[in-house]
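K.L.:
Next come the chains, spelled out residue by residue.
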Amino acid sequence: MHTIAWLILGLPLLSATCIHLGFKRNQGLSTLIATSSALITLILSLVILGNGKDTSTAFSWVGAMGEHFKGIEIGLRIDQLSRGMLIVVTGVGFLVHLFSLTYMKDDRAKARYFCGLSLFMFSMTGIVLASNFIMMFIFWELVGLSSYLLIGHWYQKPSAADASKKAFLTNRIGDFGFMIGILMLWGITGTVTFSELELWSATPAPFNSTYLGIALLCIFAGAVGKSAQAPLHVWLPDAMEGPTPVSALIHAATMVAAGVYMLARFFTSVDLEIIAFAPQTIAWIGGITSLLAALMATQQDDIKKILAYSTLSQLGYMVMAVGLLNAQAGVFHLFTHAWFKALLFLGSGAVIYACHHEQNIWKMGGLRKKMPLTFLTFTIGTLALMGFPLTAGFFSKEQILEAALHQSTPLFVMAAIVATLTTFYMGRLLLVAFLGENRSKNSHHAKEVGALMLIPLVTLSVLAVISGYPFVASALSPLYDHVDFHFGPAFWASLTALVVGGGFAFTFYRNAETDPLSDKKIALVFRNKFYVDELYAQIVRFGQDCVAAIVHFIDELIIGGLIVGGCSRAAEGFGKLFGRLQSGNLHGYATLFGLGVILLIYITVFVP
Amino acid sequence: MSLLFVLIPLLGALAIFLGSKAKSTAIATSTINCILGLGSVFCWRADVWSMKVEILSSPSLHLAFGFHDGMSVIMLVMSVLVLVSATFSGKCPEGREMLWYGSILLMGAGGIGAFLSTDLFFFYAFHELALIPTFIMIGVLGTGDRKEAAWKITIYLALGSIILLAGLIWLVSASGSENWLYSSLLASSIDEDSQKGIAALLLIGFGVLVSLFPFHSWAAPAYASAPAPISMLHAGILKKFGLYGLIRLYPMVSSGMQCWLHWLIVLLLFNIIWVGFVTINQKRLDHMLGNSSVMHMGYIFLAFAALIEAGSLEGNPLAKPAAVTLMFAHGISIALLFSLTDVIRRKTGTVEFVELGGLAKTAPRLAFLFGLAGMASIGLPGLANFSGEVLVFLSGFHSYQGQELGTLQIATIIALWGVVISAVYMLRAYRSTFHGETVKATSEQTVHDLGPFCQIPAAILCLALLVVGLYPKSLLGHLAEPESKTPLGQTAK
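Chains as they are written, first to last, in this note's numbering: chain A, 1 to 608; chain B, 1001 to 1493.
Honestly, the hints are just simulated from the structure, not real lab data.
Keep in mind that a hint or two might mislead.
The calculated label-pair distances, taken between Cβ atoms and stated as ranges, are [unchecked claim]: (1) B:L1056 <-> A:A58: 49 to 59 Å; (2) A:I558 <-> B:K1023: 36 to 46 Å; (3) B:L1014 <-> A:Q156: 50 to 60 Å; (4) B:G1451 <-> A:T281: 47 to 57 Å; (5) B:L1011 <-> A:I558: 39 to 49 Å; (6) A:K157 <-> B:L1011: 46 to 56 Å; (7) B:F1453 <-> A:M1: 47 to 57 Å; (8) A:G50 <-> B:Y1471: 30 to 40 Å; (9) B:G1311 <-> A:I558: 27 to 37 Å; (10) A:V540 <-> B:Q1445: 32 to 42 Å.
Each computed PhoX-like pair below joins lysine-lysine, with the alpha-carbon atoms no more than 20 Å apart [to be verified]: (11) B:K1440 <-> B:K1361; (12) A:K363 <-> A:K441; (13) A:K441 <-> A:K369; (14) B:K1283 <-> B:K1440; (15) B:K1347 <-> B:K1361; (16) A:K70 <-> B:K1473; (17) B:K1347 <-> B:K1440; (18) A:K110 <-> A:K157; (19) B:K1021 <-> B:K1091; (20) B:K1473 <-> A:K157; (21) A:K110 <-> A:K24; (22) B:K1283 <-> A:K110; (23) A:K24 <-> B:K1361; (24) A:K157 <-> B:K1440; (25) A:K363 <-> A:K447.
Quantities reported herein were computed from a predicted structural model and do not represent experimental measurements.
Note that the Cβ used here is the ideal one computed from N, Cα and C, for glycine as well.
Kindly generate the complete structure, drawing on both the sequences and the hints.
P.N.:
In structure tokens:
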């Protein structure tokens, strides 16, 4: 078991190293290595799932020092949560590798791309299997690196280069908080290992719950960065500059869900009833993010951007559920969302590929007839995202709405509005891109994609339907609590959301040539993402770049200029005096200096 | 045995000055030294490997070498690695081989001599020996505004050294010891008042050498105009002398240091945040790197502050390993960055950000190596600097028990923001140098990728960063265990 777990972690790293060091020139071999490593890890993960035993293993990475610091371990923890998450990561990972074979066929840097994918698989598996917070932090930053590399795959495009930088930096801000949280948690509980936290939580020593709450919120900052919650959500839409399969894997299904996964780890380890203020804050941030993102999604024209905002919104849902102390619901939604959102992204990838890299939905249209299978799978994904009854999304969304209903009415209302908006913007996307008439040459020439692209799409659409049913979810989902279905307020709310959102989308966008809402003032605000990016640009300009310029100026003028400059001029004058005696070049001064020092040493040591 | 590591480069330098072929002599001696140094990691023994020769009887001065503990070994390994890669780096101007390679070996010998000396006088003198070629090389073979840079560094470091010397003399006389041997100084006790003064002198003296704020403004211009191997050796090895000295001498003046803890915390935060902002505003790669190296010293001082707060080495067992790991990592990564920056300068003719761009396309190997070094220096896990930084932060929170945050914890949190700052300047620099469209200076006609000869130093240093980053125990293991076998102060008998 342990060997298998180490293999799951190690194989992708081996693959990335091999590709980078040896086979970069041989593009075909590189893709083969990466894809087969993804396939093997998927099989191994299934083996671990089938075995079903909880176990853990570790080696010491930094040894213990003193009594208080027990060292840092690199350890693997296999339990229900990590087993299920492994299936999500390796499952979506393998399908994305498969899809990329066609999608990246003509890319000259294919080997670099697959190397990046392998590196990502390694880092993500590390997060999933991590047995303690510091190890999680290590892989947390490493997924950030792989995301940086893959968003910036086409680094010659300035927009891609900027987007990758923005993603990394925004995540660093989150990690700043994360590290503080880990340090505080270590101080309070004396450990960062999940299993020991469980023990501590079972018999807590007297401690100050306020500081534990602050520590939790700081740790949550890491999730805010990685899972792109407000106010650090700005990097995710920009990250769509990367190749579309990357968006499906990293920026929809797995990495961005890592924040939710980490919170679930924390919440299942430590009993949080005592510090209610922190989870409540988390729930509200999740709720607000989901609402804002859904509003922004309604006015985007880029197919990937629409999906990106919907990812933000769904992540907000998950975070909200976890914050409502219902980690089961949040992780269940993570699980179903991974399949249908990967499906939607890969579907959009197929569309973009077929339309010769056209991403504007208003320049598509009529794809239903051109790409019937893609259309079918995309529709299934859309329905699942909308929470259409009997699809996977319906079950998981239902659990979240239930959780909100029991805990906080305002959050429930908010979640219901988000559900309505989701139906609306996804209906818009489907109506505009796939129905109606062709609106450009590119979409006119579109053809159905090949089998290698369709296999992942079909597999994922099957999962997008069945993964919500109890018999699948209880076997595969990382955390799952069976909740008996009943026709309560949550059900009626989601049904109303479907009808209202769908109805509005149908009225506005059936056979629309342009967006009828786009000239409304409020639509402009949504389209411009509430001007948050502009605000941040100003903050960076004044709070950082201007301050940096002023600080630099002061540093040069006062510390470097007046004080040192004065000394150095004095010395230069002194030097010139000596220059009459000496050769006058620096060589001479330095020798003089050396002699002087020796003389000085001699005097101070030997004379008295 | 330990004498060998100093003797080999010294003899090499001597041979060069006597007229042997400079380049091959330098490469040969530094390579042999490197192999021996790496070998010593596995078989060093403090008591066996030390030597002591009395060269003056009143006051008693000894030429004494030995390993105090694992810290000396780690510093030695870092020095031999940086030294060998420095001999491969840069491009020596025609006809200056003797000065160029002789200086490199002298600087290496000086640094190693300081780390291995068990007599404080020679500890100091070896560092001085290394500074002289530094000044000469910057003044004679530097680029840009070399005269001013050379003056600045000369004045600063000379002042710092003199203050340091005063502190050392005071230390020796206050201890009542008859010689300058580390072990006998450690055994003696110094009264509180003198401790306070000595601690101040040591902090300022060593502080200037390590570019502690506000004594930092010599560093960036000097590194920018120095020839590549010189900035590699100074930033990589010699700058660590100050930190090494502070940690080494700390047990003698532990209560004296306590008085200056708050001052030190304020200054080190200036190092991180203030200089961090200065770094963000740099418009040239070499200036940016010079400032970033000043900034990163702040973290090592933070570990030292944690040590002072605890009051003894045992009080915060994390602080020393943290500082040593980060010193090692910083030495390696900054040397690699300076070496590669010099390659960029030679290939494109410029290091101004506005004139660069798209280099990743024309020189992918260079881009990979620079990216790795840059990521290391901003503390990406998996590379050596992270293991150092995380230990520094942990040592800052070592005394925290879940109550209100103390001064040191607040300082650690502020210092953590530096991690964001360094990511900002490093990624901006990488973006404008390697990403985006290729420009005139970086087009395929002008730039070729790294040749095999240039890759040697980079490969050595990258490997070191990766080994320590992936498995820090490979380094820290040496720090913890032999020390407990041979406690401090019993090394040079």
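K.L.:
For each hint, tell me whether it holds in the structure or not.
P.N.:
Verification of the supplied hints:
1. At about 55 Å, the CB distance of L1056 of chain B to A58 of chain A agrees with the hint of 49 to 59 Å.
2. For I558 of chain A paired with K1023 of chain B, a C-beta distance near 44 Å keeps the hint of 36 to 46 Å intact.
3. Range check, L1014 of chain B to Q156 of chain A: Cβ separation about 51 Å, and the 50 to 60 Å hint holds.
4. The hinted window of 47 to 57 Å between G1451 of chain B and T281 of chain A holds, with their beta carbons roughly 56 Å apart.
5. Remark: the range hint 39 to 49 Å for L1011 of chain B to I558 of chain A is upheld by a beta-carbon distance near 46 Å.
6. Checking the proposed 46 to 56 Å range against K157 of chain A and L1011 of chain B shows it holds: the Cβ atoms sit about 55 Å from each other.
7. Evaluation of the 47 to 57 Å hint for F1453 of chain B and M1 of chain A yields a pass: the beta carbon distance comes to about 48 Å.
8. The hinted range of 30 to 40 Å is satisfied by G50 of chain A and Y1471 of chain B, whose Cβ atoms lie roughly 32 Å apart.
9. Checked against the hint of 27 to 37 Å, the C-beta distance between G1311 of chain B and I558 of chain A comes to roughly 35 Å, which is consistent with it.
10. A beta carbon spacing of about 36 Å between V540 of chain A and Q1445 of chain B agrees with the range 32 to 42 Å that was offered as a hint.
11. A hinted pair counts as satisfied when its Cα atoms are at most 20 Å apart, and K1440 of chain B with K1361 of chain B qualifies at roughly 13 Å.
12. Pair hint K363 of chain A plus K441 of chain A holds up; C-alpha atoms about 8 Å apart against a cutoff of 20 Å.
13. For the proposed pair K441 of chain A and K369 of chain A, the alpha carbon gap of about 15 Å is at most 20 Å, so the pair holds.
14. With a C-alpha separation of about 18 Å, the suggested pairing of K1283 of chain B with K1440 of chain B holds against the 20 Å cut-off.
15. Taking the CA atoms of K1347 of chain B and K1361 of chain B, the gap is about 14 Å. The hint holds against a cut of 20 Å.
16. With a CA separation close to 14 Å, the supplied pair K70 of chain A and K1473 of chain B stays within the 20 Å bound.
17. The straight-line distance between the Cα atoms of K1347 of chain B and K1440 of chain B is roughly 12 Å, inside the 20 Å bound, and the hint therefore holds.
18. Under the criterion of a C-alpha separation no larger than 20 Å, the hint pairing K110 of chain A with K157 of chain A is consistent with the structure, at around 17 Å.
19. Our distance criterion of 20 Å between C-alpha atoms is met by K1021 of chain B and K1091 of chain B, whose separation comes to about 16 Å.
20. Of the supplied pair hints, the one linking K1473 of chain B and K157 of chain A is violated, its CA atoms being roughly 41 Å apart against a limit of 20 Å.
21. Among the hinted pairs, K110 of chain A with K24 of chain A is consistent with the structure: their alpha-carbon atoms are about 9 Å apart, no more than 20 Å.
22. The suggested pairing of K1283 of chain B with K110 of chain A is violated, with an alpha-carbon distance near 34 Å, which exceeds 20 Å.
23. For the hint linking K24 of chain A to K1361 of chain B, the alpha-carbon distance of about 15 Å falls within 20 Å, and the restraint holds.
24. For a cut-off of 20 Å, the pair hint linking K157 of chain A to K1440 of chain B stands: about 17 Å separates their Cα positions.
25. Distance check on the hinted pair: K363 of chain A and K447 of chain A sit about 15 Å apart at the alpha-carbon level, within 20 Å; holds.
Violated hints for the displayed structure, listed by number in ascending order: 20 and 22.
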